[in-house]
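*Asks:* Below are the chains, spelled out letter by letter.
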Amino acid sequence: MAKKVLMTGNEAIARGAMEAGISYAGSYPGTPATEILQYLAQNFKGKAEWSVNEKVALEVAVGVSYTGRRAICSMKHVGLNVAADPLMTSAYLGARGGLLVVVADDPGAYSSQNEQDSRIFARFAKLPCFEPSDAAEAKEMTIAAFVLSEKFEVPVVLRSLTRLSHTASPVEPGEIRPENKLDLKKDPSRLIAVPSNVVRLHKLLNEKQEKLREYGNKFNTVTKGKSNKGIIAAGIGAAYAKEYGDEYSVLKINFYPVEEKAIEKFVSGLEEVWVVEEGEPVIEELARKYSKKVRGKLSGDLNKEGELGPDCLAPYFKGKKSKAVKELPKRPPVLCPGCGHRDSYKALNAAGPSFVTGDIGCYTLGFAAPFSALDTCLCMGASIGKAIGIASQGVKKVVAVIGDSTFMHSGVTGLITAVYNKADITVMIFDNSSTAMTGHQPTPFTGETAKGEEGGKVSLEGLCRACGVNSVDVIDPVKSEELTALIKKRMDEPGVKVIIPRKECIFVKKK
Amino acid sequence: MEKPINIILAGVGGQGIILAGNIIARAALESGFDVKANELHGMAQRGGSVLSHIRFGKIVHSPLIPEGEADILVSLEELESLRYERFLKPGGIVIMNTRKIVPSSISAEAYPSDIMSSMEKSGFKVEAVDALAAARNTGSVKIENIILLGLLAKHLPFKQETWEKVIRSSVPEKYLEMNLKAFGIL
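Those sequence lines, one after another, are chains W and R.
The first sequence: position 347 = 349 (the numbering used here), numbered continuously.
The second sequence: position 75 = 79 (the numbering used here), numbered continuously.
It should be emphasised that the hints constitute simulated quantities derived from the structure, not laboratory data.
Quick caveat: nothing in here was measured; it's all calculated off a predicted structure.
Note that CB positions come from ideal geometry on N, CA and C, so glycine has one too.
Wrong hints could be hidden among the right ones.
[As the list claims (entries may be wrong)] Per label pair, the in silico range of CB-to-CB distance:
id : chain 1 : residue 1 : chain 2 : residue 2 : range
1  : R       : E168      : W       : E455      : 32 to 40 Å
2  : W       : T223      : R       : E113      : 41 to 49 Å
3  : W       : T378      : R       : Q164      : 17 to 25 Å
4  : W       : I418      : R       : D118      : 58 to 66 Å
[Claimed, not checked] Distance condition first, Cα-Cα at most 27 Å in a straight line; then the derived DSS-like pairs of lysine-lysine:
id : chain 1 : residue 1 : chain 2 : residue 2
5  : W       : K320      : R       : K7
6  : W       : K328      : R       : K104
7  : W       : K231      : W       : K295
8  : W       : K328      : R       : K129
Chain R with its partners taken away, still in its complex shape (with noise of 0.2 Å):
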């Protein structure tokens, strides 16, 4: 692999971003990569745009992604997925969770509409999921980024042990089931 894999992570303050691209960095460490993950926090808890670019392979240079280089944007919400297209490369594939949070800044009706099919009709390949109502039916709407990394999984070439063991490093033990069943192993 010449070139690194590049995926962007977007969504909401509390999401769960951070912890998402960890995991994603750990998984590709384990599997013998050069990596790096950037995060922009400090606002995390503040219902702010999150963003976090995750680039892994033989070797990488930049700590952020180039525009227009990213294989995959994986986003926790819609709006999100939108903003940080610009990142994204011809034909890239958008992992989407189909949740809609209205920034404060606007009112509900003023949401963009049809985000899924303007981002299909730029060329890129959306999976659209309900991670919501996924991680409601899982025990817990916390692990909605934990529904998308098990999508992202099957676009990486990380082996599913090796998910595993980085998940079980990553969560506290009791809720260890959950995101287990929320990833698709158990």
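Extracted from the complex, chain W is given alone in its bound form (with noise of 0.2 Å):
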């Protein structure tokens, strides 16, 4: 038996990924999923990196599973969105080596922009999808999902949570296991989403649901305990159940589509069920089919928003309440001294924008006290597109801020729009040649790959310009009077101006 040695979640998927003989592992950077390709990128021998964005890091994964090696694609929540397209026709398609999708939701919005539920895109998509409730599981079932993967031939969710990914415990490291041999095989009939295929692919997938219940049933526990109360935990939700004693049973559910026959035996006999769950009440809905004493989210008993944790159940099996978390001076993060974000939004204000869009990353910091210099942000890439819209309705000195990491993942294709389309919008890039709210992974704009190599190099205002805007400014943001200066007289001049502050982040010069 091997040593035990801590590992977060992430690291012990990224670990189980290597056990399993991957061959590819893809992602771009989001909390808290990005440990797992970071981990892999310094510890497996293969091709470990970074894309542009989600959807990309899932195609590439599934080229890799056609070519009948196994590939990992691990993101954040919000990511398998950006992912969805390739993801929910992937499951028509099938997998041929396989091919996992970890997402890592982030109940109570830790570090995200909302609390959506992935195992309902893996149910949307038809996919099956593990929940492991600990690092030891999470590289279990990562394994085993790689051998579903190729059994059933589809491509196969693992949910993770901000509380899985981030807690370190003991995980025993196992054998890695070779990868398997190249074979690319031509199969249009199954690889080719077309309307003359989609209908009988579709059919294929449906009929694996069945199968696939039953066999990942072994996934799912029961232990008995001698109450009438009786628990249905999902994934960590079961090790919080675990903290109110072994009098009461608890059915563990690991794995999805859930085998309803597992939860109509559970529930039989037991005077309540009580369902913890982290986001919707997936799981909850099934269960109230087979019993009237379900107690969960729907019956109004556990919050609906935000994160469940350990103390949920404890008002109705301790007794116990909550304690009022005491009114003090909140601490919230700010834009770190020294950082060029600063200057940046300094020379905004003074320039007198009439609205200015955000977007996702370091500089959404700059909507808070002292700069209060954003008016919305959405979700990746947004702001470009939303300041389109506000200009399109006649409104003057539109800004949009976007940062570079964000402008590649998903902001050039709002910008050929806005070129496209003649808006009359200002663009800021704020240049921090990085993706530092993550950690400050690289980017294509500073070429170095995941694994710390020289990869190839994209030039910010060479892309923006073969976009086809014309007015593309680079400046140091520290020239705070010239930066505003030049905003001021780009929001005054017709169509799209990009304006690019360039400073490095403060924390990868140090590097």
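Starting from two chains that each stand alone, build the complex the way the hints lay out.
*Replies:* Right, dumping it as structure tokens:
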């Protein structure tokens, strides 16, 4: 038996992928999923790469799967929205080499713009989904997911959570399986999603569902207790349920689609059934089909928003009320001292824009005091589209603020749309030469790969010009007055203007 | 030990909470315990409030400590001790750095006063230390975290050589002597 080591959920998933014999790992940084690819970039000898966004990362992984080899693609929950297009149809086309899509959800939205539940996405795509409850299970289920993916020829989803991804617990490293042999085959009736194929492929996918439920039920386990109260707990929910003692029976769900017979059997004879699941009431809905004594989110007993955590059942099981959180001065994160974004926001505020559309990254912190410089923040890349929309209604001096990495992720298509439709907007690309918010990952603009090697390099200003933008300025934001004057001038000019305040992130500089 | 030992680590981004949490968790594993160590990061370098839950024992289930069940709160900053006080069990121990870092959201005058005595009044056992001054004496302001770990160690069932082994493999060679001194080993 190998010695146990401490691994976070993210590290355990990455280690599991290595042990499963992957040939490729792809991702785009996003808390709480970032460290999966980072671990692989450091420890996996094969290819581990950042793509410019989750959609491309998944498409690359799908390509690897077609060669008969195994691939993992990891992302945060909202990243799956970006990758939804390849995800939905890859479910029809299926996988050859094992294909695992790891999605880390963020209940409580500790570092996210929403609390969406990836189990519903997996259900929507009709894909099997694992939900481990600790790091050791995360490693095991990652390996099991690759086996399942090849057995049923489907991509598999693994749902993590902030609390799983970022909790370290003991894991026993295992042997690393050799990678699959290269075996790329043409198979047009299966690999080409055209009308003449898709209905038949959809039927094949539907036919897999019942078999998946049966096969996956071995990952769901029951521990019997003496009480006539029972808990159905999903993934990490089982760890919370066990805090309440051995007297309660627990049905631990680690696999979707859930075998409903397991739920039916568990609830029969119980006086009260609690459902503990982070996110939406996915299991609770099922349980209510089989028992009238189900309590959870739908019944109004547990919060439908935010994180449940270990105390969610305390009022009912321990008669313990949550302590009122003391009113104390908040300590929000702020832009670092010396950060170039500070100078850029100072200059932007002084220029007097009418409305500023923001985006996702460190610079989102500019929404808060003392800058209060942003008027909206929606999702990756949305600053430019929203600015086009606002300006289209005749509003002058509309400014979009977006970071270099986010621009590459999904801002560039917005910029092309702006040029094409002759929008009158000023786009400020805050260039700190890093994906800083998630831990300073390199980007195509820095030309360094995930493994720290020299990659191809893309010019930001060159890309903007190639999109058809004729007015592209690059400026050091430290020259605040000069920058203010420039913004004022550009805001009054017609058409699409790009201003790039460029100052390397102070932490990248230190490296 | 039936119930796990629960430790909350709190402070401000940049104070080395994540490293301190790692050291405790690894020392627990080395000592043969089950362990779960949760950290909330992503904002760590941006001056936000940072919190870490460390639990070890025969078996640990939840990665988060239920409210009112923490045995010890180690805090690198006064206001942050107060913020996470609700996790402490009645009569729990507070190891507090008497350092005040005024949040950007308030003026220095608005910083709560008498935090230590307020926590003592709530029935907690407060061990206060000026870790910043001690850190300066040891050679670097950046090792407040290790100074507090040295105090925490007195309450935990790990051998000195286990701590030493873990610290040795956690900090760069050139800072090792300074860290061992701060911890109280040298």
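*Asks:* Take the hints in turn and mark each one as holding or not.
*Replies:* Hints versus structure:
{"no.": "1", "hint": "R:E168 x W:E455: 32 to 40 Å", "result": "37 Å, holds"}
{"no.": "2", "hint": "W:T223 x R:E113: 41 to 49 Å", "result": "56 Å, violated"}
{"no.": "3", "hint": "W:T378 x R:Q164: 17 to 25 Å", "result": "55 Å, violated"}
{"no.": "4", "hint": "W:I418 x R:D118: 58 to 66 Å", "result": "59 Å, holds"}
{"no.": "5", "hint": "W:K320 x R:K7", "result": "16 Å, holds"}
{"no.": "6", "hint": "W:K328 x R:K104", "result": "18 Å, holds"}
{"no.": "7", "hint": "W:K231 x W:K295", "result": "10 Å, holds"}
{"no.": "8", "hint": "W:K328 x R:K129", "result": "20 Å, holds"}
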